[in-house]
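Q: Following the hints, complete the assembly by docking chain R onto the known chain D.
2 protein chains.
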Amino acid sequence: MLSNLDKAELLQQYEQIKAKGLSLDMSRGKPGSDVLDFSNGLLDLPGRDYKSANGFDCRNYGILDGIPEAKALFAPILGVNPDNMIIGGNSSLQMMYDAITREMLVGSWKGKGGNVKFICPVPGYDRHFAICESLGIEMLNVPLNENGPDMDKVEELVAKDESVKGMWCIPMYSNPTGTTYSDEVVRRLSKMNTAAGESFRIFWDNAYAIHHLTDTPDMLLNILDECHAAGNPDRVYMFASTSKITFPGAGLAVMAASDKNAAFVRKNMGFQTIGGDKLNQLRHVRFFGDYNGITKHMKQLGDVLKPKFDAVLEILERELTPHGLGKWHNPNGGYFISFDGNPGTAGRTVALCKDAGVVLTGAGATFPYGNDPEDRNIRIAPTFPPLDELRAAMEVFCVSVKLANCE
Amino acid sequence: MLSNLDKAELLQQYEQIKAKGLSLDMSRGKPGSDVLDFSNGLLDLPGRDYKSANGFDCRNYGILDGIPEAKALFAPILGVNPDNMIIGGNSSLQMMYDAITREMLVGSWKGKGGNVKFICPVPGYDRHFAICESLGIEMLNVPLNENGPDMDKVEELVAKDESVKGMWCIPMYSNPTGTTYSDEVVRRLSKMNTAAGESFRIFWDNAYAIHHLTDTPDMLLNILDECHAAGNPDRVYMFASTSKITFPGAGLAVMAASDKNAAFVRKNMGFQTIGGDKLNQLRHVRFFGDYNGITKHMKQLGDVLKPKFDAVLEILERELTPHGLGKWHNPNGGYFISFDGNPGTAGRTVALCKDAGVVLTGAGATFPYGNDPEDRNIRIAPTFPPLDELRAAMEVFCVSVKLANCE
Numbered sequence: 007m008l009s010n011l012d013k014a015e016l017l018q019q020y021e022q023i024k025a026k027g028l029s030l031d032m033s034r035g036k037p038g039s040d041v042l043d044f045s046n047g048l049l050d051l052p053g054r055d056y057k058s059a060n061g062f063d064c065r066n067y068g069i070l071d072g073i074p075e076a077k078a079l080f081a082p083i084l085g086v087n088p089d090n091m092i093i094g095g096n097s098s099l100q101m102m103y104d105a106i107t108r109e110m111l112v113g114s115w116k117g118k119g120g121n122v123k124f125i126c127p128v129p130g131y132d133r134h135f136a137i138c139e140s141l142g143i144e145m146l147n148v149p150l151n152e153n154g155p156d157m158d159k160v161e162e163l164v165a166k167d168e169s170v171k172g173m174w175c176i177p178m179y180s181n182p183t184g185t186t187y188s189d190e191v192v193r194r195l196s197k198m199n200t201a202a203g204e205s206f207r208i209f210w211d212n213a214y215a216i217h218h219l220t221d222t223p224d225m226l227l228n229i230l231d232e233c234h235a236a237g238n239p240d241r242v243y244m245f246a247s248t249s250k251i252t253f254p255g256a257g258l259a260v261m262a263a264s265d266k267n268a269a270f271v272r273k274n275m276g277f278q279t280i281g282g283d284k285l286n287q288l289r290h291v292r293f294f295g296d297y298n299g300i301t302k303h304m305k306q307l308g309d310v311l312k313p314k315f316d317a318v319l320e321i322l323e324r325e326l327t328p329h330g331l332g333k334w335h336n337p338n339g340g341y342f343i344s345f346d347g348n349p350g351t352a353g354r355t356v357a358l359c360k361d362a363g364v365v366l367t368g369a370g371a372t373f374p375y376g377n378d379p380e381d382r383n384i385r386i387a388p389t390f391p392p393l394d395e396l397r398a399a400m401e402v403f404c405v406s407v408k409l410a411n412c413e
Numbered sequence: 007m008l009s010n011l012d013k014a015e016l017l018q019q020y021e022q023i024k025a026k027g028l029s030l031d032m033s034r035g036k037p038g039s040d041v042l043d044f045s046n047g048l049l050d051l052p053g054r055d056y057k058s059a060n061g062f063d064c065r066n067y068g069i070l071d072g073i074p075e076a077k078a079l080f081a082p083i084l085g086v087n088p089d090n091m092i093i094g095g096n097s098s099l100q101m102m103y104d105a106i107t108r109e110m111l112v113g114s115w116k117g118k119g120g121n122v123k124f125i126c127p128v129p130g131y132d133r134h135f136a137i138c139e140s141l142g143i144e145m146l147n148v149p150l151n152e153n154g155p156d157m158d159k160v161e162e163l164v165a166k167d168e169s170v171k172g173m174w175c176i177p178m179y180s181n182p183t184g185t186t187y188s189d190e191v192v193r194r195l196s197k198m199n200t201a202a203g204e205s206f207r208i209f210w211d212n213a214y215a216i217h218h219l220t221d222t223p224d225m226l227l228n229i230l231d232e233c234h235a236a237g238n239p240d241r242v243y244m245f246a247s248t249s250k251i252t253f254p255g256a257g258l259a260v261m262a263a264s265d266k267n268a269a270f271v272r273k274n275m276g277f278q279t280i281g282g283d284k285l286n287q288l289r290h291v292r293f294f295g296d297y298n299g300i301t302k303h304m305k306q307l308g309d310v311l312k313p314k315f316d317a318v319l320e321i322l323e324r325e326l327t328p329h330g331l332g333k334w335h336n337p338n339g340g341y342f343i344s345f346d347g348n349p350g351t352a353g354r355t356v357a358l359c360k361d362a363g364v365v366l367t368g369a370g371a372t373f374p375y376g377n378d379p380e381d382r383n384i385r386i387a388p389t390f391p392p393l394d395e396l397r398a399a400m401e402v403f404c405v406s407v408k409l410a411n412c413e
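Protein chains in written order, with this note's numbering: chain D, 7 to 413; chain R, 7 to 413.
Here chain D stands alone, though its shape is the one from the complex (with noise of 0.2 Å):
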């Protein structure tokens, strides 16, 4: 397979990249400046009125759970009634984080100890996983396939041990491959038994939902719905948050939840918090009008990711599909290309890509405990550099790739 590259070349062509003292940077799903400047508007809001259209001072303390014209304007991203959702505050992490520590110190999961198991779809999320392991649950691989999680694994893994309390899930435009969970995967999903019972729960971290790059957009199901209908109606949390519709570290945080969960939450988030801050959600608010705004915002942000997209499947395809080289899918959304070489290759490969400037995210991350079985996984992120350098950093990223095939 590899007989067609020429190591003595390469090594070449490495050198001289080397030479060049790059430094860029594909470590991180994060926007660059281009996708945030749509947002700006955002900088000099509210402005002078506080007041929610309630006629709340959002100034003050009060209303624990959101304002309701911002519940109101969220909700569509997940799908839910507005009573069934809670604003948080700038991060959706901290809502998962959260969640999970409430259920563990005052939830169905009390007293469980290190003895909590959560299924994890892999490649997945790196902080899904650093999540479990900080506090010390126990992490079970099931592979992510092209409709979802590996459903024959799932159902066998909840159905014989108690202990498996929850499952990580990004439905749509996975973090980092790009898929979205069939309909057959949702449905499943909400009708397996668990043995964990009714304490058993997805955290369906819907990050990606309407982050398309296309306009012929994947569809996701309503798992809430599916769940509702199947008898487990407080089987998930919905998460999902406006860092990287407007801005990450300024964004607004929300999650949805059954009637019944919704109201756990709400009662220990009022031990734990004043609530989010109303006034980012008013700014939130007049900025986008209504979700009609949201859409047309999200339109611009896609016709300029898709470019950056567009620039790493070319090249990829031109410098490694002649040679055989790697695996990856193209995505009608979200903000990842994940790349499979070679099993043993991929460390390699981050490593010769640092060495030239370029810093990815490391390998491995995209599996708990930072450990890809495998060695070949790395998650591509096109959205921060400039295309110029972003680019660059492809061509590097391809050099690397075949030398580390060669070595």
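Derived from the structure by calculation, the hints contain no laboratory data.
All clues given are correct.
Restricting the straight-line Cα-Cα distance to at most 20 Å, the calculated cross-link-like pairs of lysine to aspartate or glutamate (EDC-like) are:
{"hint": "1", "chain 1": "R", "residue 1": "K116", "chain 2": "D", "residue 2": "E139"}
{"hint": "2", "chain 1": "D", "residue 1": "K116", "chain 2": "R", "residue 2": "E144"}
{"hint": "3", "chain 1": "D", "residue 1": "K36", "chain 2": "R", "residue 2": "D63"}
{"hint": "4", "chain 1": "R", "residue 1": "K57", "chain 2": "D", "residue 2": "D43"}
{"hint": "5", "chain 1": "D", "residue 1": "K57", "chain 2": "R", "residue 2": "D50"}
{"hint": "6", "chain 1": "R", "residue 1": "K36", "chain 2": "D", "residue 2": "D71"}
{"hint": "7", "chain 1": "R", "residue 1": "K57", "chain 2": "D", "residue 2": "D40"}
A: Below, chain R alone, put in the same frame as chain D:
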């Protein structure tokens, strides 16, 4: 003592008040519009320049524990080195709750289950007590005397029981009594022997650190320095916020701790959250400029609040002192006046006020489990109502106190 009160006349007064159909709220320690308006400059900041002094794009991900200029701006409030500061979201309550759950889940209290106890100076802050109650932490009352908590009692409790892991303190202008801890109390807290050893933590909620009402403010010793000097460097977590400096719902919460504790907090915060809203940090930095700006701002707020406190004190003195009813302090700062009536009258007084259209903080709220053993303490919160409403409410309060004592 009550012989000079005419019950029939009081009842008549009370019914006349009731007939007015008042609707006044003295229940929470929140600022009124008059105070909030001083911070309206925040409402259109940061403006289009979104970069911190070191060139960081505050719109984007990054910087977990606060931008340097925000740390530098707020460090003097707690009297610490900016390196020991961590800036959170908009809720210091959340920083406290999370500091406790962190100790329980991954810190030195891990595995103690329900067997964690806190010392609670009383009367104190209901939301501190609610955190403990919600997490199953047993609370041990200690009287809050004129110079701070009864240290003989505190020393005895921490010395004999290793499950006493924590203590709540509002060391400056305490909620609700206005007490500031004396130097001796701070030194004894920093030096005392604790059966829990290095896992004992003081939760130093310095919510009113710079909330003076006079030109001769109270002074508080720096407990972080004292703990360091006493060989217990990691004993204290300090907290503060701008909730009663700028906007309660959209301010900044901060904490400070020893190098070791701050590193522990940062490490686990990194699993929990992307970090606080850096645009809100920038907003506050631009609004105040420097610490001198904060000092001037607080003087303006104090000038609005002082007449409210004076009105409460004047009416209490005029109406109740002649009858020998009740005890209260004239605080040099903070947000409350603590009223101690005769035993057995607080609940009735609050109920009478409520029936006459004046909502007070619930009787018992200033004690753990909502249980004031003598039913005598009422927290008066003069800050929210306009002065005329406050006067009207205090007249109702005094009639209610008298009536409750006649019954």
